[in-house]
Amino acid sequence: MSDVFKALADPTRREILLMITKQPESVNTLAERFNMSRPAVSKHIKILEESQLTKIETDKNDGRQRNCYAQLEALAEVNEYLKKLEEFWKGRLDGLENFLRKLKEKKK
Amino acid sequence: MAKSIKLSKEYDAPITDVWMALTHKEALSEWLMPCNFEPIIGFEFEFRTKAYPGFDGITHCKVLEIKDKELLSFSWSGGSLKDTKVTFKIKELPNNRTLLDFEHSGFEGFVNNVIVKRILANGWKNKILTKYLPKYLAK
Numbered sequence: 000m001s002d003v004f005k006a007l008a009d010p011t012r013r014e015i016l017l018m019i020t021k022q023p024e025s026v027n028t029l030a031e032r033f034n035m036s037r038p039a040v041s042k043h044i045k046i047l048e049e050s051q052l053t054k055i056e057t058d059k060n061d062g063r064q065r066n067c068y069a070q071l072e073a074l075a076e077v078n079e080y081l082k083k084l085e086e087f088w089k090g091r092l093d094g095l096e097n098f099l100r101k102l103k104e105k106k107k
Numbered sequence: 000m001a002k003s004i005k006l007s008k009e010y011d012a013p014i015t016d017v018w019m020a021l022t023h024k025e026a027l028s029e030w031l032m033p034c035n036f037e038p039i040i041g042f043e044f045e046f047r048t049k050a051y052p053g054f055d056g057i058t059h060c061k062v063l064e065i066k067d068k069e070l071l072s073f074s075w076s077g078g079s080l081k082d083t084k085v086t087f088k089i090k091e092l093p094n095n096r097t098l099l100d101f102e103h104s105g106f107e108g109f110v111n112n113v114i115v116k117r118i119l120a121n122g123w124k125n126k127i128l129t130k131y132l133p134k135y136l137a138k
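Heads up: the sequence lines are chains A and B, in that order. Its first residue numbered 0, the first sequence is counted upward by one per residue in numbering that gives the first Met the number 0. Its first residue numbered 0, the second sequence is counted upward by one per residue in numbering that gives the first Met the number 0.
Simulated from the structure, these hints should not be mistaken for lab results. Any given hint could turn out to be false.
Said to hold, decoys possible - Here are the in silico distance ranges between beta carbons for each label pair:
| no. | chain 1 | residue 1 | chain 2 | residue 2 | range |
| --- | --- | --- | --- | --- | --- |
| 1 | B | Lys81 | A | Glu79 | 16 to 22 Å |
| 2 | A | Lys101 | B | Pro52 | 18 to 24 Å |
| 3 | B | Ser3 | A | Asp93 | 17 to 23 Å |
| 4 | A | Gln22 | B | Ile65 | 29 to 35 Å |
| 5 | A | Asn97 | B | Tyr51 | 32 to 38 Å |
| 6 | B | Arg96 | A | Asn27 | 42 to 48 Å |
| 7 | B | Glu91 | A | Asn27 | 23 to 29 Å |
| 8 | B | Phe42 | A | Asn27 | 28 to 34 Å |
| 9 | B | Pro93 | A | Glu79 | 39 to 45 Å |
| 10 | B | Pro52 | A | Lys5 | 45 to 51 Å |
Backbone N, C-alpha and C fix where the C-beta goes; we use that ideal spot for every residue, glycine too.
In isolation and in its complexed conformation, chain B is listed as follows (with noise of 0.2 Å):
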């Protein structure tokens, strides 16, 4: 199973070009999501897109890195997923274009919250649900 999900993408354009569409809220709201980013790290903001069952379509971010068209990594919380972590990082390629490496990591917290529902799902006493449960997750 993947530990994060990793994407690579070359692009016809100048890395001052990709960095304005990584940092500029107005970019982001275009090709990603509609959101209230800002450039400046400890940042929070969020994401907005359609609700569905089980998600209320917003999600929760926060600047993590920002390193001048080089690196920009925020925190990603919502729906299923709690504190993981998306990271940008461009470098500059011959010809004006530019290479993007994406990753999508720390799913180590979904995981262990789909096996915890999973075993709850199997039919536990109301008692572990109550008692014992909480105290697990409160760990």
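Okay, chain A solo, but in the shape it has when bound (with noise of 0.2 Å):
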């Protein structure tokens, strides 16, 4: 765990971690967004790989790619999180329907 620290204090390994949080990406696609070479961006990964923030795994349909993973273990908390935060909205959304039949009551 010692190289945690070190994996996120990079900006640039923030940012790929949470690009690939929203999706798992392959290296070379992440070299592209990054504006950076495929051995820079392996670099990276591979810090990130070490500290157990993400993992790679070869693409099932082409074996030449690897795919870059994070571990969302570490992450079910975002996910619990979230999810309770759209039951939130959802049951307000509703209230906002009841709101306005109420409305449209009113102006009767």
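Mind assembling these two chains? They're in different frames, but the hints should get you there.
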């Protein structure tokens, strides 16, 4: 775990990690997005991997392609929180429907 | 993982009513949460709800954009969330109906904090907490 702080202290690696928490990306795509050489991106990914923040898997359909995943166990808390937040908003938007219905009835 | 929360809903109400419900303090206080909103760009306001451990019940907001009967957005900071953004877009539909596109975005900072918290929970030394972390967070 000693490398985790090092892994996150670098803004590019934080960006990479945030990007792949949204969806896994291939090393090539990451290199393009960050306008970096493939070896430079691979170096960042290796540091993230050593700190167990990401893992690399070979693409199922294309054996030459390597995909970079965020370790979602560390982010289960985020998923849980956002799920609750979405439920909150769904409830409020339903509440808006009731509010508008009442408004209509008052106007009649 | 979701980059943002997006919800769409159709309302059986004219666009003027929906706009009123989004931009009047009394209306927002009734269907969303008690607040002191004013429809002025840059206006800072608060939503207040019941507190629970880890959340004082206050959501701090600031009006970011207003386009008459079209769009309202404000910042949203409270509990674990800091500087996220809430956007309501509305569109007139036939038969006096209105479409609402809702979005809550800007969770990157929150995700970052959770990652950092997780790492700290894994037994870091005090030196890191007191010395390196403040430096990192100040970036």
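Violated hints - listed by number, lowest first: 2, 5, 7, 8 and 10
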